[in-house]
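For the record, the sequence lines run as chains A and B. Residue 100 in numbering that gives the first Met the number 0 is what sits at position 101 of the first sequence, and the numbering runs on without skipping anything. Residue 306 in numbering that gives the first Met the number 0 is what sits at position 307 of the second sequence, and the numbering runs on without skipping anything.
Treat the hints with care, as some may be off.
Said to hold, decoys possible - Derived BS3-like pairs: lysine-lysine, alpha-carbon spacing no greater than 25 Å straight-line:
#1 Lys205/B - Lys14/A
#2 Lys256/A - Lys175/B
#3 Lys54/B - Lys14/A
#4 Lys73/B - Lys114/B
#5 Lys106/B - Lys73/B
#6 Lys111/B - Lys175/B
#7 Lys14/A - Lys111/B
#8 Lys127/B - Lys165/B
#9 Lys180/B - Lys114/B
#10 Lys14/A - Lys127/B
#11 Lys127/B - Lys99/A
#12 Lys247/B - Lys256/A
#13 Lys14/A - Lys89/B
#14 Lys165/B - Lys256/A
#15 Lys98/A - Lys175/B
#16 Lys99/A - Lys111/B
#17 Lys256/A - Lys54/B
Simulated from the structure, these hints should not be mistaken for lab results.
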Amino acid sequence: MNIRNVAIILNRELKSYISSFTVYIVIIMFLLMTGYFFYNLTATFSIVSFQAQSDPMLAKQYQLLNINETVIRPLFGAIGIILLLMTPLLTMRLLAEEKKTGTIELLLTFPVNDVDVVLGKYLACLVVVLAMILLTVTYPILLVVLGEPEVVPIGTGYLGLVLLGAAAISLGIFTSSLTENQIVSASLSFAILFFFWFLSYSVQLVSAGLGQFLGYLSINEHIESMSKGVVDSTDIIYYLCFIVLFLFLTLRSLETKRWR
Amino acid sequence: MIEVENLTKEYGEFRAVDNISFTVEKGEILGFLGPNGAGKTTVMRILTCFFPPTKGKVMVAGYNCFEDSLNVRKRIGYLPQRVPLYEDMKVSDYLRFVAAIKGTPGKEVNRKAAKIMDDCGLSDVSNKLISAISGGYRQRVGIAQALVNDPEVLVLDEPTVGLDPKQIKEIRTLIKELAGKHTVILSTHILPEVSILCGRVIIINKGKVVAEDRPENLATESAQRMLLRINGNAQTIEEELSRVGGIKGVEREQASGDANGFIVVLEDEKQGRQGVQAMIERNRFELVEMRLLEVSLEDIFIKLVTKEEA
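Input sequences plus hints: build the corresponding full structure.
Here's what the structure looks like:
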């Protein structure tokens with residue numbers, strides 16, 4: 000690995016993102032959808048708060064008046080899922096486009112290791128996703144200004160979102176390495192991400208041991224606990240393993256392309 | 000500079016390159032000639048380490064393409080066939096990117112990119128997006144990116160395809176200037192290009208080398224043909240022509256105006272020419288046109304391939 004080469008690739012990919020229309024559309028859609036969730040959650044929260052003033056039992060019954068429980072946790076859940084919806088649209092072009100246009104032939108004959116190419120592209124996409132996530136910080140800031148939420152779960156929740164996004168990108172770059180068709184790449188990403196997401200629905204259906212295992216494999220279970228303010232090393236290890244696994248598979252996939 | 004030994008490349012069952020060996024000396028321009036699908040691009044992709052060979056050894060500048068690919072790639076500039084470039088980048092940005100990725104130190108990147116744009120005549124379009132420039136400029140950007148770090152070896156896959164005659168001439172001049180300083184391998188299916196540019200030519204067909212020689216020698220080896228346009232009775236002329244020595248055969252060509260056209264296949268060029276001239280003078284025919292036809296790749300090719308099969 001050569002840091003300079005990674006930086007050069009990253010720089011080029013970022014410029015390419017900035018000059019493309021897709022990124023802006025994706026960011027706008029992302030903010031509209033997350034904003035919609037944020038609005039609904041806070042509006043519901045304030046209406047229930049008003050009702051609770053005249054009916055104290057209501058609040059107690061549903062534990063509704065904790066802003067962390069009623070707004071922040073579901074908000075992070077929603078942002079996480081919308082993030083899973085958006086990242087394949089950002090990753091699909093990373094390698095598939097180079098294959099389609101043939102630029103990969105030059106890229107892979109430049110004096111750079113495959114690993115530098117993959118890392119540069121991966122990090123460029125990560126920068127875009129980080130920017131996207133950063134833009135949602137306005138929601139919790141509003142909450143902090145207007146209400147009194149606990150701050151720690153907000154921080155850990157964001158850590159979870161970043162890890163989730165980083166994992167989704169690694170899967171996306173892998174599916175992009177499999178095909179020269181961007182739509183196929185995005186569809187594969189969606190399918191695999193949603194498989195990892197839906198694993199959490201099977202937890203109750205199988206035996207306890209297996210259920211725990213499936214829960215651990217599920218991509219969004221880990222962000223759940225983080226948005227409660229709990230950072231467990233197993234959660235972080237899960238995401239890191241996920242990222243390393245798919246980056247490794249991407250490298251292998253590039254290599255087999257050369258052999259064929 | 001380049002040594003290729005018993006190179007074989009198979010795509011599944013299909014054998015694209017079959018046991019090819021050749022060497023290229025430093026400073027030489029080698030032409031790689033062959034019809035489409037002959038395996039030219041495959042050989043070039045192996046040389047540039049895009050993929051490894053199935054069998055055989057390839058050495059570039061003393062490094063093995065497979066085991067020491069990074070060292071080979073540092074010393075090679077490559078222009079792929081369809082000139083794949085990043086369409087969303089400006090010409091200057093793109094060349095800066097290539098200069099940097101090929102290991103130019105940070106401070107020199109701007110200077111090198113500016114110099115290569117100057118050398119390749121790209122200064123006018125330096126601020127345009129690659130998607131917005133014409134085919135000729137694209138080709139030049141392709142050559143510029145191959146040359147930017149002053150590589151020892153240049154691999155150019157059909158560098159003049161799809162250009163207009165003026166651009167072809169410019170690109171050929173550019174390539175010709177590279178001889179001596181750089182070792183160049185270029186592929187083409189245009190014979191005149193080879194005779195203008197290359198010191199040596201390798202003809203391949205179906206993955207095999209069918210000939211390797213200097214372009215002049217290849218041309219003389221093949222049968223020469225001459226076009227004649229003569230005013231007069233076609234029948235008589237044809238009979239007279241067939242009696243001239245040094246001529247293998249006569250074919251009728253389309254007449255233009257009053258003149259009858261003939262293609263004469265020469266066995267001995269000098270004898271044939273003189274014989275035809277004498278014949279025309281003797282019969283007092285009116286000569287409209289007489290010229291040697293350029294030997295086409297097809298002729299040489301068909302000859303070489305049929306020779307092989309026979």
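Now the hints, each set against the structure:
| no. | hint | result |
| --- | --- | --- |
| 1 | Lys205/B - Lys14/A | violated, 43 Å |
| 2 | Lys256/A - Lys175/B | violated, 35 Å |
| 3 | Lys54/B - Lys14/A | violated, 40 Å |
| 4 | Lys73/B - Lys114/B | holds, 19 Å |
| 5 | Lys106/B - Lys73/B | holds, 19 Å |
| 6 | Lys111/B - Lys175/B | holds, 21 Å |
| 7 | Lys14/A - Lys111/B | holds, 21 Å |
| 8 | Lys127/B - Lys165/B | holds, 22 Å |
| 9 | Lys180/B - Lys114/B | holds, 17 Å |
| 10 | Lys14/A - Lys127/B | holds, 15 Å |
| 11 | Lys127/B - Lys99/A | holds, 23 Å |
| 12 | Lys247/B - Lys256/A | violated, 53 Å |
| 13 | Lys14/A - Lys89/B | holds, 11 Å |
| 14 | Lys165/B - Lys256/A | violated, 39 Å |
| 15 | Lys98/A - Lys175/B | violated, 32 Å |
| 16 | Lys99/A - Lys111/B | violated, 30 Å |
| 17 | Lys256/A - Lys54/B | holds, 17 Å |
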